[in-house]
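Top line first, the protein sequences correspond to chains A and B.
For the first sequence, the residue numbers in this note's numbering are 3 to 115.
For the second sequence, the residue numbers in this note's numbering are 44 to 159.
Any given hint could turn out to be false.
As the list claims (entries may be wrong) - Simulated crosslink set (EDC-like; lysine to aspartate or glutamate; CA at most 20 Å straight-line):
id, chain 1, residue 1, chain 2, residue 2
1, B, K54, B, E128
2, B, K121, B, E87
3, B, K121, B, E95
4, B, K100, A, E3
5, A, K5, B, E87
6, B, K121, B, E111
7, B, K57, B, E128
8, A, K70, A, D32
9, A, K43, B, E87
10, A, K5, A, D68
11, A, K58, B, D146
12, A, K58, A, D32
13, A, K43, A, D84
14, A, K70, A, E3
15, A, K43, B, D67
Said to hold, decoys possible - Stretch-level coverage of chain A by chain B, calculated; a stretch enters the list once three of its residues show a Cβ under 8 Å from a Cβ in chain B:
id, region
16, 32 to 44
17, 103 to 109
Keep in mind that the hints were calculated from the coordinates and are not lab data.
Cβ coordinates follow ideal geometry from the N, Cα and C atoms, glycine included.
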Amino acid sequence: ELKVEQNPLFLSMQEGKNYTIYCNYSTTSDRLYWYRQDPGKSLESLFVLLSNGAVKQEGRLMASLDTKARLSTLHITAAVHDLSATYFCAVAAYGGATNKLIFGTGTLLAVQP
Amino acid sequence: GAGVSQSPRYKVAKRGQDVALRCDPISGHVSLFWYQQALGQGPEFLTYFQNEAQLDKSGLPSDRFFAERPEGSVSTLKIQRTQQEDSAVYLCASSFYTGAQGDTQYFGPGTRLTVL
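Just chain B, with the same shape it has in the complex (with noise of 0.2 Å):
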């Protein structure tokens, strides 16, 4: 089956403009997650979904992001008057369970985000 994908792959943004990036999880996964990560370092957690809720959003990084999951699959990571500093790739993953030991992360391509 297919594995986590994301669109686009790679977006060159001016500052200022607002960007919208989609991940289409594995097909029946429940647990979403957004990840940023900086060039040279690890995934840094942004935001997670349980279907279509938003259950934590505690990394997201200021007011400008905005995560939605409307139907509890597809979902969208809108960040609004992009800064330099907004320049990463954005990462998202999927899993099926919820809280279950052993429930593997699986990773999207990621987006490749930057802001001139």
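Pulled out of the complex, with its shape left as it was, chain A reads as follows (with noise of 0.2 Å):
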């Protein structure tokens, strides 16, 4: 069974400052999203990586994936208030003719000023 896991759960940290999500998953997949979601409103997609070694940079955002490792990072540059949100990452989950996605339990990130 295809388990994900984000840490930390909970990130507070001040503007300016660098850190980084972490999410592991369990069995093998090449399909890794991340998404953002604001309080009270649905999910937006972030990224989507799919092969070893792929990283995509949006802004202050850069996701990264090691399918050996079965690890992506998020990593947050210089964060800005704007950016305080819910971070899921979702890995693709084989099996039969579903395509369904299994969610991490979420990163709260709040940016303090």
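Using the hints, put the two chains back together into the complex; each one sits in its own frame.
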């Protein structure tokens, strides 16, 4: 059974600082997604990572994937308050005809001024 | 173009009532998913449709949960005889391809169900 773990679960950081969120998963998958969720809102797609060594960057966020280690990271550079949200990683689960996503528990990011 | 829409956005039900939650996927999207998100948790898969065919319902928690997509577009998730543990946000997502790499699932705003 595919399991996805994120850490930390909660991250309080100051504006201007850097930090990394980690996502570990338990079985083979070659598709990993990062989503952002604001309070009371739905999930917004940030990145899709498809292959070992994939790296994608958008603004102050950079995501990478190591399929051998079954690890993805979401790196935040020089955080700003607008990045405050909950971040989820999700891994595509193989099996049958479905392409369901298995989500981590999320990381609540609070950027303090 | 419009994204995934869901209605109602909020639903309060008395225990034992039946509810129906609607999802309008992005036009032309073949795949449709339902997820359940409990407070403070990540979404959990409920069921998957490819066009009108329900190909995976392994995540439905009980036989009180039923989903359909009769014409391959709009989908309805029905919960019969609601229980308090059914209280959650129900998210619908759609994607264009079936199984293609990099196929992003686009999520709707969700329906927050509260069972009293």
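* Does the alpha-carbon distance linking K100/B and E3/A stay inside the 20 Å limit? -> 16 Å, holds
* Asked: Going straight from one Cα to the other, do K70/A and D32/A come out at no more than 20 Å?
  -> 10 Å, holds
* Asked: Regarding the pair K58/A and D146/B, is the alpha-carbon distance no greater than 20 Å?
  -> 16 Å, holds
* Asked: Are the Cα atoms of K121/B and E95/B separated by 20 Å or less?
  -> With a Cα-Cα distance of about 16 Å, the restraint between K121/B and E95/B holds, given a limit of 20 Å.
* **Pairwise hint evaluation, E128/B against K54/B, where the allowed Cα distance is 20 Å at most** => 14 Å, holds
* Given pair status - D84/A, K43/A, alpha carbons within 20 Å -> Distance of about 15 Å is within 20 Å: holds.
* Is the straight-line distance between the alpha-carbon of K57/B and that of E128/B 20 Å or less? -> With a Cα-Cα distance of about 12 Å, the restraint between K57/B and E128/B holds, given a limit of 20 Å.
* Given hint E3/A paired with K70/A - CA-CA distance at most 20 Å -> 18 Å, holds
* **Hinted pair K58/A and D32/A, Cα distance within 20 Å** => Within the cut-off at roughly 15 Å; holds.
* Asked: Given the hint that K5/A pairs with D68/A, does the C-alpha gap stay at or below 20 Å?
  -> 16 Å, holds
* For the pair we were handed, K5/A and E87/B, check the Cα-Cα distance against 20 Å. => Holds: K5/A and E87/B sit about 12 Å apart, inside 20 Å.
* To do: Assess, step by step, whether the Cα of K43/A is no farther than 20 Å from the Cα of D67/B, and give holds or violated.
  => With Cα atoms ~17 Å apart, K43/A and D67/B stay inside 20 Å; holds.
Consistency note: the structure conflicts with none of the earlier hints.
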